[in-house]
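With the sequences and hints as input, model every part of the structure.
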Amino acid sequence: MLSYLANRTLMMVPTLFGVAVLIFFLLRVVPGDIVEVKLRGDGGTVTAETLEAERKRMGLDKPLPAQFVDWMTGMATFDFGKSMWTDRPVSEEIAARLELSIEVAIIATLIAVLIAIPMGTLSALFHDTWIDYAIRLFTIAGLAVPSFWLGMLVILSLLSFFNWLPPITYTPIYVDPVANLSQLIWPAAAVGYRYAAVVARMVRSSIIEVMKEDYIRTARAKGVYERLVVTRHAMRNALLPAITVIGLEFAFLIGGLVVTEQVFNLNGIGKLFVQAVSRNDFTLIQTMVMLIASIFIAVNLLVDVLYAALDPRIRY
Amino acid sequence: MKKLAFIGLVAALALPATTNAQAPKKGGTLVYAISAETPTYDCSATDTYAGLHFLAPFYSTLLKFDLAKYPGVMGDLAESWTISDDKKTYTFKLRQNVTWHDGSPFSSADIKATYDRLRNPPTGVVSTRRATFADIASIDTPDANTVVFKLSAVNPAMLEHFASPWNCVYSAAKLKDDPQFPAKQVMGTGAFKFVEHVKGSHVAGARNDKYFLPDRPYLDGFKGVFILQPAAMLNALQGGQVMAEFRSVSPAERDRLVQGMGDKLRIEESSWTLNILIAFNTEKKPFDDVRVRRALSLALDRWGGSVGLSRTSTLRQVGGLLRPGSPMATPEADLVKFPGFGKDITANRAEARKLLAEAGVPNLKFELVNRTIAQPYTPAGIYVVDQWRQIGVEVQHKQMETSPYLAALNAGNYEVAIDFSNLFMDEPSLALAKYVSFDKAPENRSRAIDRELDSLYEKQNRSTSDAERLGFLRQFEARMLNQAYQVPLLWWHRIVPTNKIVMGWQMSPSHNLGQDLVNVWLNQ
Numbered sequence: 012m013l014s015y016l017a018n019r020t021l022m023m024v025p026t027l028f029g030v031a032v033l034i035f036f037l038l039r040v041v042p043g044d045i046v047e048v049k050l051r052g053d054g055g056t057v058t059a060e061t062l063e064a065e066r067k068r069m070g071l072d073k074p075l076p077a078q079f080v081d082w083m084t085g086m087a088t089f090d091f092g093k094s095m096w097t098d099r100p101v102s103e104e105i106a107a108r109l110e111l112s113i114e115v116a117i118i119a120t121l122i123a124v125l126i127a128i129p130m131g132t133l134s135a136l137f138h139d140t141w142i143d144y145a146i147r148l149f150t151i152a153g154l155a156v157p158s159f160w161l162g163m164l165v166i167l168s169l170l171s172f173f174n175w176l177p178p179i180t181y182t183p184i185y186v187d188p189v190a191n192l193s194q195l196i197w198p199a200a201a202v203g204y205r206y207a208a209v210v211a212r213m214v215r216s217s218i219i220e221v222m223k224e225d226y227i228r229t230a231r232a233k234g235v236y237e238r239l240v241v242t243r244h245a246m247r248n249a250l251l252p253a254i255t256v257i258g259l260e261f262a263f264l265i266g267g268l269v270v271t272e273q274v275f276n277l278n279g280i281g282k283l284f285v286q287a288v289s290r291n292d293f294t295l296i297q298t299m300v301m302l303i304a305s306i307f308i309a310v311n312l313l314v315d316v317l318y319a320a321l322d323p324r325i326r327y
Numbered sequence: 011m012k013k014l015a016f017i018g019l020v021a022a023l024a025l026p027a028t029t030n031a032q033a034p035k036k037g038g039t040l041v042y043a044i045s046a047e048t049p050t051y052d053c054s055a056t057d058t059y060a061g062l063h064f065l066a067p068f069y070s071t072l073l074k075f076d077l078a079k080y081p082g083v084m085g086d087l088a089e090s091w092t093i094s095d096d097k098k099t100y101t102f103k104l105r106q107n108v109t110w111h112d113g114s115p116f117s118s119a120d121i122k123a124t125y126d127r128l129r130n131p132p133t134g135v136v137s138t139r140r141a142t143f144a145d146i147a148s149i150d151t152p153d154a155n156t157v158v159f160k161l162s163a164v165n166p167a168m169l170e171h172f173a174s175p176w177n178c179v180y181s182a183a184k185l186k187d188d189p190q191f192p193a194k195q196v197m198g199t200g201a202f203k204f205v206e207h208v209k210g211s212h213v214a215g216a217r218n219d220k221y222f223l224p225d226r227p228y229l230d231g232f233k234g235v236f237i238l239q240p241a242a243m244l245n246a247l248q249g250g251q252v253m254a255e256f257r258s259v260s261p262a263e264r265d266r267l268v269q270g271m272g273d274k275l276r277i278e279e280s281s282w283t284l285n286i287l288i289a290f291n292t293e294k295k296p297f298d299d300v301r302v303r304r305a306l307s308l309a310l311d312r313w314g315g316s317v318g319l320s321r322t323s324t325l326r327q328v329g330g331l332l333r334p335g336s337p338m339a340t341p342e343a344d345l346v347k348f349p350g351f352g353k354d355i356t357a358n359r360a361e362a363r364k365l366l367a368e369a370g371v372p373n374l375k376f377e378l379v380n381r382t383i384a385q386p387y388t389p390a391g392i393y394v395v396d397q398w399r400q401i402g403v404e405v406q407h408k409q410m411e412t413s414p415y416l417a418a419l420n421a422g423n424y425e426v427a428i429d430f431s432n433l434f435m436d437e438p439s440l441a442l443a444k445y446v447s448f449d450k451a452p453e454n455r456s457r458a459i460d461r462e463l464d465s466l467y468e469k470q471n472r473s474t475s476d477a478e479r480l481g482f483l484r485q486f487e488a489r490m491l492n493q494a495y496q497v498p499l500l501w502w503h504r505i506v507p508t509n510k511i512v513m514g515w516q517m518s519p520s521h522n523l524g525q526d527l528v529n530v531w532l533n534q
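Those protein sequences? They're chains Y and V, same order as listed. Quick note on the numbering used here: the first sequence kicks off at 12 and runs consecutively. Quick note on the numbering used here: the second sequence kicks off at 11 and runs consecutively.
None of these hints come from the bench; they were simulated from the model. What you are looking at is a predicted structure, and each value in this text was computed from that prediction instead of being measured. Be careful, since some hints might not be right.
The list that follows gives simulated cross-link-like pairs (lysine-lysine, PhoX-like), each with its CA atoms no further than 20 Å apart [stated by the list, open to error]: (1) V:Lys209 to V:Lys233; (2) Y:Lys93 to V:Lys209; (3) V:Lys295 to V:Lys160; (4) V:Lys194 to Y:Lys93; (5) V:Lys469 to V:Lys98; (6) V:Lys160 to V:Lys97.
This is the structure we're talking about:
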């Protein structure tokens, strides 16, 4: 197991290097100039000399390979550079938002798992009954309704019916848990619904398939209680694909809640990503892509390790 | 809808009476929305309102605009000033009871250091106003409370430039230690001391108890929350999470707020120092031909558009190169004589078709480059495409994100573009700078070279007589609109919603002015 973990960790290096090369050079192909956007985006009458001096200050006048080497050297020493837009360290810009995004992802995952596993299981065990139909209707609606639209409905409902809106600025959970949860529970629920729908459908189909396996028939023939057949024998196997989906969705939520964050005015990674792209803030975009790629790789590794924990047949 | 607008108008008209009737109360924290986050803490390095809505409460300037008597100016750090007879020497007497937020005393050396940095920034420092202050030959500080600016040439706009909200005054001692200090830390002599800036979330300030004006500010503090999405801002205002949004909302957004908030809301409206321009790339055929440019300007029904677009967008007034209604703007009677500004649209379009035929392009086709920003760029683009269709011109409307949009315009990679002019005051030298020849003004999107315009600009800029200056301005405008290198479509209209508990804030034609919050108080 340890050698497997070591191998997988080492494999991250070439994967991340590939991502780095791709994102660095692709960004340079995109038209636009951050200096123009920053100094002339609002119509400022700035001289060409001022623009050129600012480009030089940012190091944009250097050849691309030199810029890439500078960036890679920084990455290797955990110096991610400065945002070209704010001139503040990229690590500061990201850290301020990452805490919120991770928290939303965790709450949404909890909501999704708590809803999806019982519902998916019920739907599978009572498939083709009214229970199954009701759950399927619920999950199809979850897939069909965009999270941001549901979020807008939530906001407008809170405003119309209770004349109340969640706090507009973020308070860390360790400072004020009530303020924190009263802000984040709503977006987490809005995205958690879709997330739950995806996982519930996966759980349902997996359990239906697993319940037809020989070892389930054998367990039943041995007289094992049906509850034990489901929880001990069927669920452990049926959850493997669901765990993969949960892992991928979790990683996606860290940086993918672009519109939902805007609806709830959340200061998260998704909003920062959009801002960085619209401003051509290369250093920030690059670091965020590397961060999200690292999260995906780490989550995939965790999922593989969980496979071994859940399925005794899998050994690394 | 008319009823809603009426309620809003009534609310706005009721403002002065309410404000005057009540004595200001002390205390409370003003929470307001800012629809963008400042790219920098350094006022000299930016032109965006997002910077001022964040920074202005922390800083003072030498002069500032007196919004009650706009476009008049008043002292901020300056107590009084005199201008020499030859209009080349400006002497300012400074306030004596001013201290920096760190407790150190303010003096004329701080003004000198600030303006030296603006006009001649050290290596690594960005000053977007370097050209503005190029006429300053020297700055002297005969004593701690006097500063003397000597100009190399007469500049009738200089007093207004001293009142620019961007000229935040910085500590000479701090600048001496680190010329980049203003980009790294916020420390001024303003009414509020910096508390925190949570990136992507908000900025907060607390009352400066040692502020130089007695009994000010009224507020205990303020919090500017960054809300980028208009719908989220409207919800926050309606839900009481924020008390104001000081830039502007659209007419539709205003109506929604009026409907949702009723008598809790105050709406104030004003014409705006912003316009939408149609820029023709004169380096591309057939837009190098004045007949084609003039035909396309003639085809635009500005007066009809003013009525229609003002219902759905922030566009409203028909005007020339200066804001309609501003002191030096062209009166309507003269404006209607310029191509495309006459009110007989049928005759205008007939003339436009004739000009296109004469130019050999009766079935003209081209691409219109525009920004993806909804207000007012998208409705403006759709409107002009439809207007040109009515004279048989086929246009492809291409909307781009800000960064590639600016890249395309600056590189000249477009045929016709929706451009804009963003001013902070109604000063001709500032307003007309965008229209002088491309080799002198890179922000001139038409890329036209016209030495007659350059000469007229220089003459108005050096004129010592208002009447003479006005004459040059009229000639400049006539030349510009007849040549139609860049033509105004419509001027913007500013609509500011505030919760009625917010008092003492003053409306103005620029979203860049009046954000120091010195006189703002909460009626709660």
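Against the structure, the hints:
no., hint, result
1, V:Lys209 to V:Lys233, "13 Å, holds"
2, Y:Lys93 to V:Lys209, "14 Å, holds"
3, V:Lys295 to V:Lys160, "46 Å, violated"
4, V:Lys194 to Y:Lys93, "13 Å, holds"
5, V:Lys469 to V:Lys98, "16 Å, holds"
6, V:Lys160 to V:Lys97, "9 Å, holds"
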